[in-house]
Structure formats: C-alpha cells, structure tokens
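Chain by chain, the residues:
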Amino acid sequence: MGNSGHQLTRNLQIKPREFNEHKTICFRSYNMTFSCLTRMKAYRSPWQNLYSTSQTTVDSNEVKTFLALAHKWWDEQGIFAPLHSMNDLRVPFIRDNLLKTSASHQQGKPLSGMKILDVGCGGGLLTEPLGRLGASVTGIDPVAENIKIAQHHKSFDPVLDERIEYKVCSLEEIVNDTAEVFDAVVASEVVEHVIDLELFIQCCYQVLKPGGSLFITTINKTQLSYALGIVFSEQIMGLVPKGTHTWEKFVSPEKLESILEPNGLLVHTVAGMIYNPFSGYWHWSDNTSLNYAAHAVKSSAQERPEPAAAALQGDAETLHANASSSRVNMKS
Amino acid sequence: MAARTGSMTGLLCVRWWSSAPLAAGRLSLAACRRWAGSSADTVYDVVVSGGGLVGAAMACALGHDIHFRDKKILLLEAGPKKVLEKLSDTYSNRVSSISPGSATLLSSFGAWDHICNMRCKAFRRMQVWDSCSEALIMFDRDNLDDMGYIVENDVIMCALTKQLEAVADRVRVLYRSKAVDYAWPAPFSMTDSSPWVQITLGDGSTLQTKLLIGADGHNSGVRRAAGIQNVSWTYDQSAVVATLHLSEATENNVAWQRFLPSGPIALLPLSDTLSSLVWSTSHDHAAELVSMGEEEFVDAINSAFVRIPCPATGGRGKGVIVQWSDANHTDFVDSASTMLRYVVTLLKPTRVSARQLPPSIAKVDAKSRALFPLGLGHAAEYVRPRVALIGDAAHRVHPLAGQGVNMGFGDISSLVHHLSTAAFNGKDLGEDSGSMSHLAGYETDRQRHNTALLAATDLLKRLYSTNATPLVLLRTWGLQATNAVSPLKEQIMAFASK
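Protein chains in written order, with this note's numbering: chain A, 1 to 332; chain X, 333 to 830.
What the hints contain is simulated information worked out from the structure, not anything from laboratory work. Treat each hint with caution, since some may be false.
To be verified - Within a straight-line C-alpha distance of at most 27 Å, the following computed DSS-like cross-link-like pairs (lysine-lysine) qualify:
1. X/K695 x A/K109
2. X/K404 x A/K115
3. A/K109 x X/K404
With the hints as constraints, model all of the structure from the sequences given.
Encoded structure:
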C-alpha cells in the first residue's frame with residue numbers, strides 16, 4: 001500500500017506537466033492513446049497483472065487517479081457532490097426509458113425484474129438508486145478500492161445487499177460469461193476514461209439482451225468543454241480533482257453515434273445536461289456542448305446484424321466491414 | 333435480550349480483529365463495528381413515533397402510497413390499541429374541525445368513507461363576533477359547499493386504525509411501545525457505524541430506521557433528542573370542552589364563535605340536537621366552570637353568547653366571573669362602528685349581514701366537562717438529517733381558529749408528496765442531498781404556511797384579549813371592513829381550508 005502510495009503521488013505530480021507538454025505538441029487523440037499505452041507498459045502496478053489480454057479498455061492512469069479519491073465517494077458535500085446531484089437527472093432518465101420498454105411493472109418497484117449492469121460504478125452512487133427501484137444490479141469497476149467502498153456502503157441496507165452485486169473487473173473480462181444477460185447497461189461518466197471506445201461499445205453490445213438499452217452519460221469534446229470542463233472545473237474552481245479528465249478522450253455525440261450504430265445500437269435519445277456550480281444542481285438542456293446523456297437500444301432478434309464473434313479478438317476492422325454498408329458513415 | 337447478546341458478540345469480534353496484524357487494508361474497515369447488534373436489528377424505511385391523529389394518519393398515508401409498496405414502515409404508539417366495537421350513543425367531548433383540505437387527505441387513503449359512515453357533521457356558515465362592540469363577520473360559501481366538518485377525535489382514530497389494518501403488510505404498528513432513546517448516525521466519516529437512526533424502546537429492544545418522523549405531540553421527545561430549538565410559551569388560558577344539548581332541534585349547520593374579554597367561546601354543531609363547546613378562558617374561570625353545577629354552567633354559556641360584558645371587569649380577566657352589564661356598549665365604540673356601517677352600506681348597498689343568535693342550550697352531558705391548558709409552540713427547524721417533525725411536535729396553536737389538527741394534516745400532505753417523489757427517484761429517504769432535497773422542500777413549504785397561520789392566530793388572541801378602547805376600535809373596524817370585502821373573506825376561507 002505504501003509503495004503504490006508513493007507511485008501515486010509521483011503520477012499526480014507528473015501528470016499536469018506532461019499534459020501541458022502534450023497540449024503544445026498536438027491535440028490528436030490517437031497520439032494520446034498511444035502514449036497512454038506506452039505509459040501502461042512502463043508503470044506496472046498490481047492491478048495490471050490481472051489483465052491477461054493485451055486488449056483492454058482500462059487506462060491505468062485513470063485507475064490511479066480514482067484510487068486517491070476512493071474514500072470520498074459517499075461524502076455528499078465533498079468532491080463527488082456533482083455526481084451525487086447528477087442522480088436527479090440520470091436516475092429518472094434511466095427509469096423512464098426502461099419503463100417505456102417494459103409492458104408492465106410492479107407498483108413501488110418500477111424496475112423490478114430487470115437486470116442492469118453498471119460499468120465503472122465507482123462507489124456505487126448510481127448503482128444504489130437503481131437497486132432501490134427494484135432492479136438487480138451488477139456493479140463493476142477496475143479499481144478494487146472503489147468496489148470495497150461500494151460493498152461497505154450497501155452492506156448496511158439489507159434490501160440493497162440482496163439486489164446489488166459488485167465485482168472488481170473490467171467490462172471485457174465478463175463479456176464471455178454474461179453474453180446477452182442484461183436488460184440495460186449503464187456507463188455513466190465512463191466513456192471519457194476508457195482507452196478503446198470501439199471495444200468498449202462492442203462489449204456492451206455483447207452483454208445486452210436483444211432490445212436491451214445502453215445508457216451513456218459523458219462529456220462532449222468542444223472548445224467550451226475544454227474551457228469549462230478542464231480549465232474552469234479542474235484548475236480554477238477545483239470542482240473536479242485535477243487530472244480526472246483528459247480533453248482528448250472526451251467524446252462528441254456524433255462520434256459516439258458513429259461508433260454505436262455500426263455496432264448494432266440504435267440511438268434513441270441524446271439530451272444535454274448543464275451543471276450550475278453555484279447552486280449545485282443539474283438541469284436538462286437542448287445544448288449538448290458540455291455534458292450529455294444518450295440512450296441507445298440494441299436491435300432486437302429480427303433485425304440482428306451478423307454475430308459479432310470476432311469482436312473480442314480485436315478485429316474491429318472486420319466488424320466495420322461486416323456492418324451493413326448502407327448505413328451512413330459518420331463524421332469523426 | 334437478543335440485542336445484549338448481539339453486542340457482546342460484537343465486542344468479542346472487535347477484540348479478536350484488533351489483535352490480528354492488519355496486513356491487508358480491507359480488514360481494518362470490518363474490525364471496528366460499534367453496534368454488532370445492528371446487523372440483527374430490523375432496518376425500517378420510515379418509523380413514525382407517536383400514534384395520535386397526525387402520527388396514525390402519516391403512517392396510513394405512506395402505507396397507501398404507490399411508491400411505498402415495497403418499503404417497511406413502523407408506527408410506534410405508547411398507548412393501547414383503541415378498538416371501537418360499536419359507536420357509543422354519547423358523543424365524545426374532544427372534537428376537531430376538519431377543513432375540506434384535510435378531508436381530501438383523509439379520503440385519499442380511504443379513511444373519510446369510514447368517518448362518514450360513523451358520524452360527522454358538516455357546517456356551512458361561521459359567525460364570529462365581538463362582545464365589546466357590534467362588529468361581526470360571517471363566513472359562508474355562496475355555493476352552499478361545506479365549509480368544514482366537525483368530527484369526534486375517537487371517530488377519526490377508529491377510521492385511521494381500520495385503514496392501517498388494511499395495509500398491515502407494509503405498515504407495522506407497535507402499541508404500548510414508547511421510544512426511550514434515539515441514537516443519531518455519525519456524520520460522514522470512514523467509521524464503520526451504521527448510517528441509520530437507532531431507536532431503543534421501553535422494553536430494551538432496538539430497531540433502526542432510515543427516516544424518523546416525530547409526531548409525538550407538543551412535548552415531543554424526538555424534537556428534544558434531535559436538539560431542535562422550540563419557541564414556546566403558555567397562554568394564561570385553559571380550554572373548557574363539553575357536549576351540550578340544544579333547547580330545540582334545528583338544522584344546526586352554523587359554527588358560532590364570540591370573543592369575550594376573557595377569551596373566545598365557540599359552539600360547534602355535532603348533530604341536530606347536540607353541539608360541542610370550546611371555551612377558552614382564564615385558568616381560574618375554567619376551573620370554576622368545570623366544577624360548578626350543571627344549571628349554573630348552562631346559564632353561564634347562554635349568557636356568554638348573548639349578554640354584554642361589563643367593561644370594568646373585562647380586561648385580562650384574571651379569576652373573576654364575567655359580570656354582565658345591562659347597559660349598552662361604550663358609546664364611543666358603538667358610534668364609531670355605526671359610522672363605519674353607514675360607509676359600508678353606501679359603498680356596498682346590497683350586502684346586509686344581520687346578526688343571528690346561536691341556539692340556546694338546555695343541558696350539558698354529564699361527565700363531559702373537561703379542561704386542558706393552552707399554549708403556543710413552534711419548532712425552529714422541522715427537519716434534520718434523517719428526522720422530520722409533523723403535527724403538534726412542530727407547531728402548537730390556540731384553538732380559536734380551529735386549525736391545530738388541520739395544520740398537522742397539511743404537514744402530512746406535503747411530506748408524503750415529497751417522500752413519494754424521492755422514493756420514485758430511488759433516493760435514500762433520510763438523506764437530504766441533491767437538488768430535489770425532499771426534506772428541505774417539505775420544511776420550506778410548511779414553515780411558510782404554518783408561521784403565517786401561527787402569527788395570525790396569536791395576534792388575534794392578543795387583540796381580542798383586551799378591553800382597551802383603541803384596540804377595541806381597531807378590531808371593530810377591522811372586523812367590519814373584512815366582512816364587507818368579500819374577496820378578502822374568500823382568501824381567508826381558502827387559506828384556512830387548505
């Protein structure tokens with residue numbers, strides 16, 4: 001614990017300087033992806049030994065960043081306060097869209113009978129409300145400390161203890177065992193932290209039942225999001241811990257849609273979210289240039305594309321080629 | 333007993349873990365459980381402490397709410413279960429005036445039907461007048477809707493108990509159980525203590541809850557334990573209640589209230605031949621009224637509604653039977669009020685509200701006389717983390733406006749609405765976080781309404797307790813003006829019937 005602690009401080013100190021350097025050199029996302037991969041090889045830490053595949057969506061530096069903040073998850077007035085108050089938007093968003101798809105539901109437990117996967121659940125901030133609404137939720141996160149905190153927090157509530165299950169792993173590790181198991185996959189504030197978005201989306205597709213829903217909330221890649229999301233939030237106001245976000249990894253709704261559609265996920269809704277740092281409240285908005293939420297649905301059995309068996313082997317190109325060529329190809 | 337063995341096991345666990353080397357960080361969290369007994373306690377979602385009118389109605393409303401179908405609710409009542417086998421022929425002397433808004437709440441969970449099947453009396457008009465002048469105000473609805481209902485408290489309790497039994501799978505009621513101690517969760521920290529409120533009952537058993545609702549009356553134990561400040565004072569008045577028989581059967585759908593210098597006397601209709609008395613007066617006078625003979629008592633009531641009090645003995649009325657004078661009112665006040673009446677008739681020639689006399693009383697029900705002290709109270713905060721106060725625990729008011737229990741029912745409407753929304757959003761009911769912080773929303777809602785009503789009631793009480801000419805003049809003109817301005821009367825009626 002002590003060793004990794006020192007490593008941690010070192011990383012946190014290095015990161016801003018490195019970022020500045022890279023910023024002056026180039027903003028190309030591909031460069032960052034490669035440098036992330038090289039850094040991953042350089043800093044070998046205990047968690048990395050778990051990943052046997054060379055293909056992974058987990059960025060080790062992200063892991064380290066969140067490790068430092070693990071104990072703060074459930075402090076509602078603390079550093080994660082904006083995520084707590086984001087529940088006021090994301091829980092109704094998920095709940096209402098899922099209720100639309102299901103014909104009937106039990107009174108008092110709107111999501112009962114549904115299996116939901118919360119990818120990158122962190123301390124369980126979103127997992128618990130979904131559990132309270134009656135769903136059986138599986139929460140996964142690559143940071144063991146986060147899962148420990150989440151496990152501890154839910155242990156006091158006997159109802160949640162039964163309904164929620166936590167695992168320390170990444171999405172690609174459970175794909176094989178949980179093909180077509182989940183009614184919904186929730187990836188909230190996650191896609192801006194993964195390395196390989198294409199692989200991530202493919203894995204989401206794998207674990208979803210036909211007709212299942214994918215919910216994503218993330219940050220758009222615009223000049224505004226750089227100014228407000230990085231400069232203002234992290235460096236000036238300290239709303240978000242420094243180094244939490246990397247602008248290069250932000251994903252625009254168009255790019256997200258361009259990855260979702262060829263992979264068999266039809267986008268139903270994209271809605272903008274705005275955070276007011278002074279009141280601490282989130283609001284829905286038509287403007288998606290900062291934060292936004294997206295709801296996509298996996299095509300049901302009839303319109304299924306060719307089986308994506310090759311996806312795990314990393315043949316992303318094959319998948320693209322196999323996808324129906326009539327689909328309009330995207331702006332990037 | 334179970335709790336004690338549980339905590340013993342807990343202590344043993346602590347000792348064992350702390351002796352082992354804490355190599356892996358994960359063990360340290362599990363080690364220091366303070367209340368190992370907590371794992372054996374039932375965790376309720378909501379515990380309502382106090383099973384009176386407001387507490388029972390709260391538990392009922394939550395139990396019947398759609399979004400609470402899979403929640404666990406507990407109602408703690410210190411007294412025994414009151415089973416009403418058959419409605420007694422004699423009316424109870426404790427009655428409440430139920431506003432239309434409260435009736436709507438009660439019907440939302442099916443209790444109002446039971447009440448109507450038992451007995452309740454609707455009234456359509458209310459006449460309020462002064463004893464020191466000719467001023468009066470008459471409230472009535474143009475469309476002959478009911479202004480309110482007079483229902484015995486026992487009847488309401490019986491209806492609530494029936495509806496609680498209907499949702500027994502969600503709402504558990506513990507009779508003869510009084511909470512003796514509350515333990516609040518520690519504020520956010522990395523300790524291992526339970527985040528729920530722990531309640532210890534009189535028999536030593538403990539239970540935990542995510543939200544504690546205090547409905548335990550104006551001497552609220554919950555409020556005291558939570559350390560919430562309470563602004564309160566006692567009035568130098570007691571209320572005398574009794575059940576009265578009218579001289580002759582009438583339609584009896586009017587509520588009467590006359591302000592005497594010593595305090596207001598009110599006659600509330602119970603049936604065609606019966607009415608309920610609520611007479612707020614000085615402590616000594618109240619004691620006299622309760623102990624005097626029945627005929628004397630009936631005379632006192634009849635005089636109180638008709639005769640004019642002697643100006644000299646009015647005033648603060650400490651311990652003197654009101655002397656009735658044969659003279660007219662003070663000339664000055666009288667001429668002033670006549671003058672205003674002319675002005676009003678000029679401006680609004682159509683409206684004529686003649687003063688009516690309440691029905692005269694023939695006799696009083698034996699053993700139905702009782703008295704209770706009056707006071708005012710208001711809690712500085714209605715909510716704290718994992719605690720909310722409703723009913724008399726949050727506010728205590730003078731009965732002159734008939735609003736006490738209605739304010740409590742209003743609290744219930746608001747709190748149930750907020751909790752229901754929070755439950756549908758999957759929130760932890762006791763945590764007050766995020767933008768739609770439901771407990772804070774309830775507090776703001778109700779404090780606004782209740783503070784205004786409390787202030788107005790207190791002001792009226794003080795204004796009408798005096799005989800000083802300038803104040804009498806002020807209130808005379810005020811009353812006459814309010815009576816003349818119909819929109820203002822509508823506003824008052826609307827506010828009071830929420």
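Problem - Satisfaction of hint between A/K115 and X/K404, Cα-Cα up to 27 Å - result: Given that 27 Å is the threshold and the Cα spacing comes to 23 Å, the pair holds.
Exercise for the section: Starting from X/K695, check that the Cα of A/K109 is at most 27 Å away, please. Expected result: Distance ~57 Å between X/K695 and A/K109 Cα, so the pair is violated.
Handout entry: 27 Å limit on alpha-carbon distance, applied to hinted pair A/K109 and X/K404
Key = Holds, because 13 Å separates the two Cα atoms, which is no more than 27 Å.
Hint 1 alone, counting from the list given before, is not met by this structure.
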